[in-house]
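**Q** Model the full assembly from the supplied sequences, consistent with the hints where possible.
Here's the letter readout for the chains.
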Amino acid sequence: MAAQNLAELCAVLIENHVGDLAAQIFTTLSEHGRCTATTLAGHANIPLRRARTGLATLIEEQLVLHHTAEEDAPTFYTVSWRNAYNLARHANVIALVTERYGEAAGQVIKNILQLGHARVGDLADAYNLAPASQRDSGIDMVHAKEGMTNGTAKPSTQHVTSTAEFHGILRNLLRDGILAKVGARSFMPVSDLQEQLQEAVIVDQFPDRKVTGPKKAREFGAAVNELKRRWQIDDTFSEAVDVGSRGAIKRPGDHFAPNKRAKLNGGLANGHAIDESSAPKLSLDLIVRVDFTRCTLGLRSRRLHQLARRVLGNATGAVYGALLKCVERKVRIIRSEPAEDPDADKILPSANLNEIAESLDREVDLGSSIKGVGGNKHLKPNGTGMKGKKNHVVDDEFAEIGIKEELSESEDDEPTANGLSSYRSHAKRVKMIEAHLMLLEEHPKGFCKRARAGSTSTDWGIDFDALMDALIEAELDDTITAKFGKKSLRVVRMLRERGRLEEKQVASFAMMRVKDVRSVLTELQSEGLADAQELPKDNQRQPSRTTYLWYFDTQRAQSLILQQTYKAMARTLQRIPVERDRFRTIIEKAERTDVKDHEQEKLGQGERAYLREWREVEERLLTQVARMDEVVVILRDCSAKDVSLDT
Amino acid sequence: MAPLELSAECDELYSTLLTAATESEEGLKKQFFQKDVAEVAKKTAKSVTELLKVIQELQNHALLRASRWQGSLCWSTRPRGAAEHIRVLNTNERTLYEYVEDAHTKGIWLKDLKKRSGIEDGKVQKAMSKLEGARLVKVIKNVRAPAQKTYMLFHLVPSDDVTGGSFFDAGDLDEVLIEEVANLIVFHVKMASWEESKVRQPRRGRSPVDADHQGDDAVAGAETNGKKRKRTADIEDSVPARKHRSRDYEDIVVQLAWPAGTREYPTANGIHNFVTTMDAIRASKAQQLTVAEIQGVIDMLVWDDKLEKVGAGYRTVRGISFRPPGAVADDEDEEDLEKVGNGLTQTPCAKCPVFDLCGEGGPVSARNCEYFAEWLNHGT
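Chains A and B are the protein sequences, given in the same order.
Using the numbering used here, the letters of the first sequence map in sequence onto residues 1 to 647.
Using the numbering used here, the letters of the second sequence map in sequence onto residues 1 to 380.
In case anyone wonders, no lab produced these hints; they're calculated from the structure.
Heads up, a few of these hints could be off.
To be verified - The calculated lysine to any residue pairs, modelled on SDA-like cross-linking and capped at a C-alpha distance of 25 Å, are:
no., chain 1, residue 1, chain 2, residue 2
1, A, Lys515, B, Ala145
2, B, Lys309, A, Asp553
3, B, Lys351, A, Asp553
4, A, Lys515, B, Ala292
5, A, Lys330, A, Arg100
6, A, Lys445, B, Asp304
7, A, Lys487, B, Lys149
8, A, Lys445, B, Phe355
9, A, Lys445, B, Gly313
10, B, Lys115, B, Lys149
11, A, Lys486, B, Phe355
12, B, Lys42, B, Val54
13, A, Lys504, B, Val54
14, A, Lys431, B, Thr262
Stated by the list, open to error - Partial chain A-side listing against chain B, Cβ under 7 Å, derived:
no., residue
15, Met438
16, Asp478
17, Thr479
18, Ala482
Note that beta-carbon positions come from the ideal geometry of N, C-alpha and C, so glycine has one too.
**A** Right, dumping it as structure tokens:
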């Protein structure tokens, strides 16, 4: 059961995104749980017709999932908390995609996000690319409603220009998993899906419908997992099945070909090689949506990258970023399925040094930020041609990343790389990358480690489970420091490390006066972050004869702060209409058809300043929501431990 | 009650025992069992009866005190001066004195004295003040129970348990000393953690740290400049004092990492060695500091995010600086508060005192929130 704060936040998000009817239906549905359209209309006190309209909108965005067990059975609707919350993540996803795939891809993602899901053909129409297109048929009309930006969204600056580019972008996004194929199963609640799975297995393999005894149960579980995996593969985009000119490639038997998975991974690993212009078009009937799990992975990587950069400097951070990028392609899901054999060594997702070198930006100066590794030479990429200009750029970069500049003048005179020297420089580069990785490994947070401990293999892996715990703790620490100050941080970290402690022990470890410690502990306790366990010395349970052992429960603090974040997000979003009300006159004027797009001429200077002020206010509030979403990414979505949304 | 004169052989025995005691590690606490005493007193007392007579005499003169240890009787010596004082005490006082003596360097609470001796309240008070007046016992402050009166023999130095260790001054936490030691440790560890070098770069309008993080903060575009600078300043070179400006260039101190595994970062032992041999701390204090106490300070610094453990040693967290000696501690903490934080803590909600009450239709809501108004106006 999701908590009230989340419900409120989701209602606000849905109201902003698709309107208040949908929000009302969502709220009713979330309060009453799974029900049919008729019951829902009754609960919400609205006509059935309207309820159906609202549900249709919600289903389009996958905010509500539905399931019909049999042909004539009534359809049941359930809310999807995760999808509803994901509305708040839109801004971050767009930013992530723009950062990685460029402006145009960001624009495409933005449109798909607004639609919930979209047919490739319709999207192409909207971009005026398909032959039978009318302008404005798709995207902008389907939801002319104000999106998150409430009508002040600036018109996109960079449109997709060619069909090839469009398909290239989509293929890239699909291949990296940012976009996912939409099938009928995407609209089904997880529990129904599970039931259907089990039913299918029973019908198929257990004709007597009896699953009794441990042996059978195990067989059953394995079969269910197997089928689940097959369905997942079935629902995943694959180059072979989903690329245009269907029929030619799509053979029924191809579906479960054993080499398929391998092919998929292979395709992901050297993804850069695909030439976009010659790539085949996607089927126009393919329906796509944004896969948020994947995006969350991306956000997590970004966060880790930032952390590494903060503690070890820019060059090392960049190397870590490259490692993360390589590893990310190999991780399918955040939640690792429980290992069948707990004793077996965990296989870490890992990447080879060469892969890392491949995806690392060549401009990054690796040598000079570690003492004595780079020597005195700045390793040049195969710098040909634009030397003078580039040098300048590099200089700037040095300054920006604040590392020691050791570029010697003479280097410019070096001959351009021939075969041998390029081989040498590559080897040197790889060696330096390794030095950075070792630095990361050495750090107490354990950013990465060699894939096989003890060996000198060139594969480097990341133990996400352990790292996520550290990341969550760091997030909690940040929150606590900002809210309560450094002294509280010290106490919290001590309690986490040392376990349950008595007040006097806390004082002596923290080197603080008992009086100060008491006030810190009381404050934390009243906020629910720390708690004391009572140990009465006798039967009377007198407070004076009781020992209090203080402790800090990370998981509790995590969910507490998560709830606070939900609430603060809701409040921040709720503030937007209030602010809009304050600027009502100018917004209305700016939205008038004759003024729109001609603000420069039609509005006076004062009015323009006023309008700008409103936009800043709105931007600021929305930015804050996006930043809070980053907190949610860490606290809720990055670790497999949080199960608050598994319904 | 006691004979006026101490016999010569007793005196001799006492002197031998006293020397043995003072020479032993335990000092006056040294306990002699019957066979120990017999060994020493071989010449004077041939038989057990004779030995007992001698001991009895010493006990009467309060030069020996009897106690029981693991079921067998044993004796320990008292200094002559104390013995003289004790001899003139009455029974109550003597009992109380013996309790205090038993407690040794741990001291004994007044409450416990009363309870154990069974002597009534007023008499205990009177006796204790007399003992205090005679400079036989003294009142000390126990950090564990500052409110309780704790007594201890006058000539003893309270144990670390009672005083709280080197970082306590007369029962009170010596925060200045802790801060000084912490600062010293940060200084020492920092020198060994990173290679510092100066980078000369063309002066620009914005500080390089800002430019560096512009990319990061694309989302935070709405933040004001001032705020942004504060937030990111902790990342790298928060050593503003070190910036040396020439006309068009400025030198910025940057920290270069040592290659992994090639460096031995200072360990607790090494740090202890440095702190105690540095002249920064009073010699008597420096002698007192133990490795465990230094380890305590190190742990504290780790919790404060100033040091991090690497292998067996410690390294400063990147960007941490020490306070130059002599500088007055400024409101560093205040600034730090501004720097850290996340999406949640930057909102007015995070510090809202009525956050729990806030809700649509309630007395407080997003609509009438004054903190939001203030937050939005701030910097615009």
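**Q** Could you work out which earlier hints the structure fails to respect and list their numbers in ascending sequence?
**A** When the structure is compared with the hints, numbers 7, 8 and 13 turn out to be violated.
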